[in-house]
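Chemist: Chain residues, written in single-letter form:
There are 2 protein chains.
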Amino acid sequence: MRTIFWQDGCVKLIDQTKLPESLEILECRNVDELAMAIKRLAVRGAPALEVAGGYGVALSAFEKEFSDLNELKSHIVERARLLASTRPTAVNLSVGIERVLSKALEGDSIEEIRRIAVEEANRIADEDVKRNEKLGEFGRELFEDGDSVLTICNTGSLATVYWGTALGVIRSAVKEGKKIRVFACETRPLNQGSRLTAWELLNDGIDVTLIADSMAGIVMQKGLVNKVIVGADRIVRDGVFNKIGTYTLAILAKEHGLPFYVAAPLTTFDWGKEMKDVEIEERGREELIYCHITCKRKLIAPENVKVYNPAFDATPLKYISAIITEKGIIFPPYEKSIPNILNEGGSASST
Amino acid sequence: MRTIFWQDGCVKLIDQTKLPESLEILECRNVDELAMAIKRLAVRGAPALEVAGGYGVALSAFEKEFSDLNELKSHIVERARLLASTRPTAVNLSVGIERVLSKALEGDSIEEIRRIAVEEANRIADEDVKRNEKLGEFGRELFEDGDSVLTICNTGSLATVYWGTALGVIRSAVKEGKKIRVFACETRPLNQGSRLTAWELLNDGIDVTLIADSMAGIVMQKGLVNKVIVGADRIVRDGVFNKIGTYTLAILAKEHGLPFYVAAPLTTFDWGKEMKDVEIEERGREELIYCHITCKRKLIAPENVKVYNPAFDATPLKYISAIITEKGIIFPPYEKSIPNILNEGGSASST
Numbered sequence: 001m002r003t004i005f006w007q008d009g010c011v012k013l014i015d016q017t018k019l020p021e022s023l024e025i026l027e028c029r030n031v032d033e034l035a036m037a038i039k040r041l042a043v044r045g046a047p048a049l050e051v052a053g054g055y056g057v058a059l060s061a062f063e064k065e066f067s068d069l070n071e072l073k074s075h076i077v078e079r080a081r082l083l084a085s086t087r088p089t090a091v092n093l094s095v096g097i098e099r100v101l102s103k104a105l106e107g108d109s110i111e112e113i114r115r116i117a118v119e120e121a122n123r124i125a126d127e128d129v130k131r132n133e134k135l136g137e138f139g140r141e142l143f144e145d146g147d148s149v150l151t152i153c154n155t156g157s158l159a160t161v162y163w164g165t166a167l168g169v170i171r172s173a174v175k176e177g178k179k180i181r182v183f184a185c186e187t188r189p190l191n192q193g194s195r196l197t198a199w200e201l202l203n204d205g206i207d208v209t210l211i212a213d214s215m216a217g218i219v220m221q222k223g224l225v226n227k228v229i230v231g232a233d234r235i236v237r238d239g240v241f242n243k244i245g246t247y248t249l250a251i252l253a254k255e256h257g258l259p260f261y262v263a264a265p266l267t268t269f270d271w272g273k274e275m276k277d278v279e280i281e282e283r284g285r286e287e288l289i290y291c292h293i294t295c296k297r298k299l300i301a302p303e304n305v306k307v308y309n310p311a312f313d314a315t316p317l318k319y320i321s322a323i324i325t326e327k328g329i330i331f332p333p334y335e336k337s338i339p340n341i342l343n344e345g346g347s348a349s350s351t
Numbered sequence: 001m002r003t004i005f006w007q008d009g010c011v012k013l014i015d016q017t018k019l020p021e022s023l024e025i026l027e028c029r030n031v032d033e034l035a036m037a038i039k040r041l042a043v044r045g046a047p048a049l050e051v052a053g054g055y056g057v058a059l060s061a062f063e064k065e066f067s068d069l070n071e072l073k074s075h076i077v078e079r080a081r082l083l084a085s086t087r088p089t090a091v092n093l094s095v096g097i098e099r100v101l102s103k104a105l106e107g108d109s110i111e112e113i114r115r116i117a118v119e120e121a122n123r124i125a126d127e128d129v130k131r132n133e134k135l136g137e138f139g140r141e142l143f144e145d146g147d148s149v150l151t152i153c154n155t156g157s158l159a160t161v162y163w164g165t166a167l168g169v170i171r172s173a174v175k176e177g178k179k180i181r182v183f184a185c186e187t188r189p190l191n192q193g194s195r196l197t198a199w200e201l202l203n204d205g206i207d208v209t210l211i212a213d214s215m216a217g218i219v220m221q222k223g224l225v226n227k228v229i230v231g232a233d234r235i236v237r238d239g240v241f242n243k244i245g246t247y248t249l250a251i252l253a254k255e256h257g258l259p260f261y262v263a264a265p266l267t268t269f270d271w272g273k274e275m276k277d278v279e280i281e282e283r284g285r286e287e288l289i290y291c292h293i294t295c296k297r298k299l300i301a302p303e304n305v306k307v308y309n310p311a312f313d314a315t316p317l318k319y320i321s322a323i324i325t326e327k328g329i330i331f332p333p334y335e336k337s338i339p340n341i342l343n344e345g346g347s348a349s350s351t
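Respectively, the protein sequence lines represent chains A and B. According to the numbering used here, the stretch in the first sequence is residues 1 to 351, in order. According to the numbering used here, the stretch in the second sequence is residues 1 to 351, in order.
Only chain A is shown next, with the shape it has when bound in the complex (with noise of 0.2 angstroms):
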């Protein structure tokens, strides 16, 4: 089953807020209900807001009745700049909205721009199937049978339309067999990968054991994993931004010899910009002084303290051993192997 799909005119998702507790599906009839449906994190994860971003251009088309052309243009184009407002750090989002509005603007009557916009952005969801499978098969050659494998936030199916991207890897390496063991931080504040990793990998049947967060030293220090894999929300010519958390990771890795894996599509790349360019959303402080944000009984903190609760960090690219693409893998030096995979769009490095 696909995590975000179009259907009767509304954009429908499963809702990952309510998980584990409850599978259920949201629809969203405008803009504004998947703008909060985005803000709420019911969905999230960089290549699933890609496709959310392309439905919701979709959307906009059809939330009202039009008095001609222009006014459908002008209003697509405003409705878009609201959506991409939502989240700033994640670069798919914009991708997938700019992707489908500047197709949808080519449409020469209101038919055909709604007609085109849903066309643009089930072909972006449809990619996002193929890619991830495509990544799977080249990044599960950097795993062998018996790995044990630690990651954070989820990158499966709940953050993609279908197979996942750093999960979709372990899903690949365990559908040719090796069996691989994961250990899934928490992923504090919004628990992403408690609620949604340690769900997804379940229902696979993948050995899965949750951590906290701040487990990740003592799991490296005892040899209880030998990998570490991660998504990434963008990719900037020094650095990878993803879940909060990722850089600690990274140096932890560093520090215990272990590789580093980072997993993306190549639209998570903004190659023209550095890290001192990328806003870090930062989030509401009822995420750290609940102990749920929808359990707002219990205060966990002081209702007063002031709270840092930045979403994403950035890794330095030195700490990071190769980025899994649907093009295949890249190695180190970035400076050179990244621009060739970008500008060629051909194949990798490597593999």
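Take these hints with a grain of salt, some might be off.
A pair holds if it fits inside one copy or across any two, identical chains being indistinguishable in the list.
Derived pair list, reagent style DSS-like, types lysine-lysine, alpha-carbon separation capped at 27 angstroms [what the hints assert, rightly or not]:
1) Lys306 - Lys178
2) Lys336 - Lys134
3) Lys18 - Lys298
4) Lys298 - Lys12
5) Lys273 - Lys222
6) Lys227 - Lys306
7) Lys134 - Lys178
8) Lys64 - Lys39
9) Lys134 - Lys175
10) Lys178 - Lys130
11) Lys276 - Lys222
12) Lys298 - Lys39
13) Lys273 - Lys39
14) Lys179 - Lys306
15) Lys130 - Lys12
16) Lys254 - Lys276
17) Lys175 - Lys306
18) Lys73 - Lys12
19) Lys306 - Lys222
20) Lys39 - Lys222
Hints were generated in silico from the structure; no laboratory data involved. Given the structure is predicted, the values throughout are model-derived calculations rather than measurements.
Mind docking chain B on chain A? Use the hints.
Modeler: Below, chain B alone, put in the same frame as chain A:
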């Protein structure tokens, strides 16, 4: 106000599981009640456990009528063994129990044993207050006006009888007029950082910012902190046992070139042992699968997922810049400086 004390034949203590929502005093009328309070972390923190252990022996001498002296003696020995088994990693609990037990067993009558036990336990509490003060006086020299300090867990009044160890050092530095900013790791899974440390520092008017444990890396990368200070549960020949996550902070500090300090009374040293000799307490799965152990309505992980939940980790001494004790600050090489201070019971290798 002391956080644990003897009154009316009971051990009274602040129930730390109720904070920050309410400040409640728990009365333990017998060893079973105290053992339960220790197990569920109503009282925790290595120095507070030393005092609790001492009071526990005193409690055991009162919890029933004894027909003769031998019955009393064998009863308190048996109860001491039970009490010591509640938390295996912190050495201080056993130290407090042993100290009061051996003193009490010297008594020649039921009345005398009861009197000695209470007196000796009260003496431990008094000494803890004094040694924390000394520890703070030595330690504050390591901190300068304008410092920003990262810490984990709770090492303040609540972890001791009154002043605190690592947090006591910060308090002492602030008391002499230095402006110190604190970043407190929330300390999953039981949130001693957000529930207790943030609460204590806010009460004291010390500038505190709460972060998730996974944010320690970005906080160092952005230069938001320039020093790290933590407490300890046991210090052996080759490492420091402390709250899970400490080892990760030590590696991060090394990578960012920041000093990493440990503050602990001399009773924390267990110099005959090595890291491999110490059992690391593993706690229950419910701490990671529910949003809060007191709030079992809300699952944040699949109910049947495997969990690894060590309460402590061990940080090799090579990562530690200095150890602050009530006899002075100890610097490397520790294989010389620690035995020096332990054997001579004298002045520190420095300050």
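Chemist: If a hint holds in the structure, say so; if it does not, say that too.
Modeler: Going through the hints against the structure:
1. Within a single copy, lysine 306 and lysine 178 get their C-alpha atoms only as close as 46 angstroms, which misses the 27 angstroms cut-off; across copies the closest is 20 angstroms, which meets it.
2. For the identical chains of this complex, lysine 336 and lysine 134 are intra-copy neighbours only, at 22 angstroms inside a copy versus 57 angstroms across copies, given an alpha-carbon limit of 27 angstroms.
3. Taking CA atoms no more than 27 angstroms apart as the test, lysine 18 paired with lysine 298 passes in both settings, with 19 angstroms inside one copy and 10 angstroms between copies.
4. Proximity of lysine 298 to lysine 12 under the C-alpha cut-off of 27 angstroms is restricted to the inter-copy arrangement: shortest distance 25 angstroms between copies versus 32 angstroms within a copy.
5. Proximity of lysine 273 and lysine 222 under a CA criterion of 27 angstroms is satisfied inter-copy only: 19 angstroms between copies versus 38 angstroms inside one chain copy.
6. Only between protomers do lysine 227 and lysine 306 lie at most 27 angstroms apart by alpha-carbon distance; the minimum there is 19 angstroms, versus 36 angstroms within a single protomer.
7. Proximity of lysine 134 to lysine 178 under the C-alpha cut-off of 27 angstroms is restricted to the intra-copy arrangement: shortest distance 18 angstroms within a copy versus 57 angstroms between copies.
8. Proximity of lysine 64 and lysine 39 under a CA criterion of 27 angstroms is satisfied intra-copy only: 23 angstroms inside one chain copy versus 61 angstroms between copies.
9. Only within a single protomer do lysine 134 and lysine 175 lie at most 27 angstroms apart by alpha-carbon distance; the minimum there is 14 angstroms, versus 61 angstroms between protomers.
10. In this assembly of identical chains, the alpha carbons of lysine 178 and lysine 130 lie at most 27 angstroms apart only when taken from the same copy (22 angstroms versus 59 angstroms across copies).
11. Proximity of lysine 276 to lysine 222 under the C-alpha cut-off of 27 angstroms is restricted to the inter-copy arrangement: shortest distance 11 angstroms between copies versus 35 angstroms within a copy.
12. For the homomeric pair lysine 298 and lysine 39, the shortest alpha-carbon distances inside one copy (23 angstroms) and between copies (21 angstroms) are both at most 27 angstroms.
13. Within a single copy, lysine 273 and lysine 39 get their C-alpha atoms as close as 24 angstroms, which meets the 27 angstroms cut-off; across copies the closest is 51 angstroms, which misses it.
14. When the C-alpha separation of lysine 179 and lysine 306 is checked against a cutoff of 27 angstroms, the pair qualifies only between copies, where the shortest distance is 17 angstroms, while the shortest distance within a copy is 45 angstroms.
15. For the identical chains of this complex, lysine 130 and lysine 12 are intra-copy neighbours only, at 20 angstroms inside a copy versus 64 angstroms across copies, given an alpha-carbon limit of 27 angstroms.
16. Taking identical chains as interchangeable, the C-alpha atoms of lysine 254 and lysine 276 lie at most 27 angstroms apart whether they share a chain (23 angstroms) or sit on different chains (23 angstroms).
17. In this homomeric assembly, lysine 175 and lysine 306 come within 27 angstroms of each other (Cα to Cα) only across copies, at 22 angstroms, whereas the closest approach inside a single copy is 46 angstroms.
18. Within a single copy, lysine 73 and lysine 12 get their C-alpha atoms as close as 24 angstroms, which meets the 27 angstroms cut-off; across copies the closest is 71 angstroms, which misses it.
19. Proximity of lysine 306 to lysine 222 under the C-alpha cut-off of 27 angstroms is restricted to the inter-copy arrangement: shortest distance 18 angstroms between copies versus 35 angstroms within a copy.
20. Taking the shortest Cα distances, lysine 39 and lysine 222 sit within 27 angstroms of each other only across copies (26 angstroms), while inside one copy they are farther apart (38 angstroms).
Of the numbered hints stated above, none is contradicted by the structure.
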